[in-house]
Amino acid sequence: MIPQKLQLKNFLSYQEASLDFTGLHTACICGPNGAGKSSLLEAIAWAIWGNSRAATEDDLISLGEKEVRVDFTFSTHGNIYRVIRGRRRGYSPTLEFQVYTGSRFKSLTEKGVRATQQSIIEHLKLDYDTFVNSAYLRQGRADEFMLKRPNERKEILASLLKLDQYDTLGEKAKDIAREFKAKVEILEQSLAANQKQLEQKEAIAKQQTHLQTTLAQLQQQQEIETQELKQFQGKQHERQTWEKLLQGQQQQYDKLVQECYRLKQELKTTQQQQDELLAVVKQENEINAGYAEFQNLQTTEENLSAKFKKHQNALNQRQQLQELQRQQLQKLQNNIQQCRAQLNSLKEQEQDNLYILSKRADIETALTQLKAARAKLNDLDKLQVEVTPLVQQRQKLQTELEKKQARLSARLEELNSRVCQLRRTQQQKQPQLQATLQEVVAEITQLDNKRVYQQRVREKGQERHQFLERLIRSKKDYETRLGELEQKLLLLNQGNGNGNGKVGVKEYPPCPLCARPLDEHHWHLVVDKHQTQQKEIRDLLWVAREQLTLSEREIKVLRTEYREIDQELAKYDELRERRGGLQVQLDNIKKDESLLQELVEEVAEIERSLHTGDFAINLYAEISTLEQQIQQFNYDDRSHSLAREEEKKLRWAEIKYGQIKDADTKLGKVRAQMPEIEEQIVSLEQDLEQQKQSSEVQKQIVVIEREISEIGYDLDEHNNIRSELRKAQFWLTRIEKLRQAQKQYPQLLERINEIKGVMENRQQDLAGIKGQISVLNEQLEQTPDLDKKIAYLDRKIQDRRQQLDQQLGSLGKVQQQLQHLENLQAQNSQQLEELQSKKRQYRVYQELSLAFGKKGIQALMIENILPQLEAETNQILARLSANQLHVQFVTQKATKGSKKNSKWIDTLDILIADTKGTRPYETYSGGEAFRVNFAIRLALSKLLAQRSGTALRLLIIDEGFGTQDAEGCDRLIAAINAIAADFSCILTVTHIPHFKEAFQARIEVSKTAQGSQIMLSV
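Note that the sequence shown covers residues 429 to 1446 in the working numbering.
Hints may be right or wrong, so weigh each one.
As the list claims (entries may be wrong) - Each computed DSS-like pair below joins lysine-lysine, with the alpha-carbon atoms no more than 30 Å apart:
1) K553 - K888
2) K904 - K1267
3) K1171 - K683
4) K634 - K611
5) K1077 - K810
6) K494 - K437
7) K903 - K609
8) K663 - K1224
9) K433 - K1435
10) K437 - K1424
11) K692 - K663
12) K904 - K609
13) K799 - K1094
14) K600 - K611
15) K600 - K553
16) K799 - K824
17) K1424 - K600
18) K663 - K1435
19) K1267 - K602
20) K696 - K1424
21) K888 - K904
22) K1217 - K683
23) K600 - K903
24) K1076 - K1097
25) K799 - K810
To be verified - Just the calculated beta-carbon pair ranges, DEER-fashion:
26) A838 - A482: 35 to 41 Å
27) G462 - A483: 17 to 23 Å
28) L1014 - R879: 43 to 49 Å
29) F533 - E444: 37 to 43 Å
In short, the hints are calculated from the structure, not lab data.
We put the beta carbon where it would ideally sit given N, CA and C, even for glycine.
Please put together the full structure from these sequences, using the hints given.
Set out below in structure tokens:
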């Protein structure tokens, strides 16, 4: 990755800044501390990978701003790319990824920030961790690798080389191995169970043969009984056929008997109808005479109905005219009554006005008294105007006094309530809280003991894990030694053809240790010694395996116990919080005791103040002065009120005097209206009498009454005719019956003759069927009934069939068992093959888990990578120290002790040598230590870049030159210039003037009021 252009907006200390890297090969980023030098490098890392030293991305935004934006253009693998990352405060970040196509930038942005980030890493072929550990030598981390312990150095190196993926693969291999082991155990259990079932195959085969023999015998007996049953059923079927024929004939006979009975009844009924019709025909003359009389009465009734209609119409007209006459007369009477009511009202008004005028003298006296009362009230009103400001001032002071007294009373009531509440809380809540606190403390104590026990379990588990690791190493060592011994024994046995140890002298192989030739005696000694060692190692290996099994079980038990204790300790923090809360509540109650004493004292003080009145001494004095001033005016509110009441009582005289004036006016008007109303009453009475005697309506009524008398309608005569007509309607029914009888009589004669002929035919059919029934009864008596025998044979066959079904079921079950055993045997073969396959896979994944472990591929890769790292480091260090310093990486060393008991252990020690010899890292000066750190760090960077599949074209060195003297700085500058050809761009960050003067290209950073500013000088 080679930077080309960087644009910043509101990033950390930068508000608006732009930096063009075009033409820069080796440059220095310089400026005072805190100016923002490292922020430029942080901006590059944040733009590409989204990582920074800030706790949150909002912290990257400049103070007072709302959004941040970094635009970074770089080239890699022959292409030019552009990354634009931004963020608005409180919102999600935005990310754009573009590639330059020759004329413009084309978007490579994916859906979502995460997908776009992955696309950037894929194109760059460099993730953030590899970048900060290779191209970016960050500030303050140059000596990180050297200051770690040897085992931690290996972990850091493994982390940088991303060997933790092998740990993941090892865990997956272990999980798969455990799965295969579980499957092997399941298959072994299944094979054992199958073998037990297969042992029963011979007994089941014998049972099958016995069942087949028994089944054949039962089937033969069943066939014989079935044939006999068929014969009986044939004979019984023939008898049932005759019974059905007999039943059919009997039913037909019964039907004929019923039909003959029905015909007799029908003949009887028809003859009765014939007699009835004959009687009606004989009364023909009488019926005709009655019907003629009915017709005459009907004609008379129709004439009377016509007269009734005319008579009713005349009555209705007369009633309407009478109603009209009544309305006209009622109208005149109403007018007369209204006039008389007006006349009476005027007479009453006359009397009222005369009564009012009779009180004129009393009302004039009351008016004189009203004038005197009003004069007195005016005098009192003037006094009130002068006294009112003083009264208002007194009322204001009294109100203020009452407010102060009310405030003190309210405060007193509030304090009394607070005192009662505090006392009640102390009496009720404090013992309960103390008891609860004791319970919580006791429970926390128990949990503390369990935590101690859990720590012991954890330490014991760690001890067991360490012991298990030692056992695994011992087991591996024993297996290695056992393999070596077997190889040596194999070498010793070469040429021993008979296998009994007796061979010729020339056939004995040389000693596998010293390669000297062996004779028979020494050959046997060497073989016996190796075999003894082999037996001892096998015994030790067996012990190690047993201890491994026991340790794994103990670890499993300890892990289970640890989890159980951990579940019990889940509420530990909650109990501690609860204890703290209870303690705070008790402390508050104790604080409330002193508060209660203060409240009681304040209550006593307020009660004393209310009793003595010293809370408002000035107000009491002002009120007393105002009362003396009011008494000097000799003004009494009561006298003023009485005068006002007296004036109000006499106001009636004014009202009554106005009523007297109105009464004079009204009396004249009333006496003028009374003669007119009397004349109207006389005129209306004359009109009423004229309407009764000779009006037009009265004349029409007289004409209609004359017409009614001329019609001559008699209601009684009409009712009598109607009654006789209803009685004569009987002849309508009789004439109808006569006509029907004359029509139906010939038909009945014909039907009677027909019924008699059918009855003769049915009697002949009855005689023939009776003969057939007799013949069938004789045949049935000659054929026996076989139902009981058939039922007996049927039950016997059913029982035999049940036995057959049972035998067939048992045989089917046995055959199914045999088939199951055959399938089981085939399945057994498949499971055996599968078992062997699973065991092989288990061994493969077991070996893979060991291979992926710390002492497998990871150790091998570190062993392979360290020589390259050492060579690269020494090459760089030679440039930095003028070939005065040399580094060596040691991966194994012997433990302390005797040579026999000493063992080789894995380590990663760094030996540093100068012209005086090899010394510890801590004894070197700061400048020398920095050169070593810088060389190792730079070598690691180049190595990591090579392993990531991309060339390291960019190198960033952030600070670290302050420990160097002038000569050391010159050598560092020379070393940077020496390795400059290996990189396309080298950026160094420093604040040392001497160091920055060594670079022609400088990126100077300064801090201003407008934020950090960049100035490029080439």
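Okay, the hints, checked on the actual structure:
no. : hint                     : result
1   : K553 - K888              : 46 Å, violated
2   : K904 - K1267             : 20 Å, holds
3   : K1171 - K683             : 35 Å, violated
4   : K634 - K611              : 36 Å, violated
5   : K1077 - K810             : 21 Å, holds
6   : K494 - K437              : 11 Å, holds
7   : K903 - K609              : 20 Å, holds
8   : K663 - K1224             : 19 Å, holds
9   : K433 - K1435             : 21 Å, holds
10  : K437 - K1424             : 27 Å, holds
11  : K692 - K663              : 44 Å, violated
12  : K904 - K609              : 21 Å, holds
13  : K799 - K1094             : 28 Å, holds
14  : K600 - K611              : 16 Å, holds
15  : K600 - K553              : 27 Å, holds
16  : K799 - K824              : 37 Å, violated
17  : K1424 - K600             : 52 Å, violated
18  : K663 - K1435             : 130 Å, violated
19  : K1267 - K602             : 14 Å, holds
20  : K696 - K1424             : 153 Å, violated
21  : K888 - K904              : 24 Å, holds
22  : K1217 - K683             : 36 Å, violated
23  : K600 - K903              : 23 Å, holds
24  : K1076 - K1097            : 33 Å, violated
25  : K799 - K810              : 17 Å, holds
26  : A838 - A482: 35 to 41 Å  : 57 Å, violated
27  : G462 - A483: 17 to 23 Å  : 19 Å, holds
28  : L1014 - R879: 43 to 49 Å : 25 Å, violated
29  : F533 - E444: 37 to 43 Å  : 21 Å, violated
When the structure is compared with the earlier hints, violations turn up for hints 1, 3, 4, 11, 16, 17, 18, 20, 22, 24, 26, 28, 29 and for no others.
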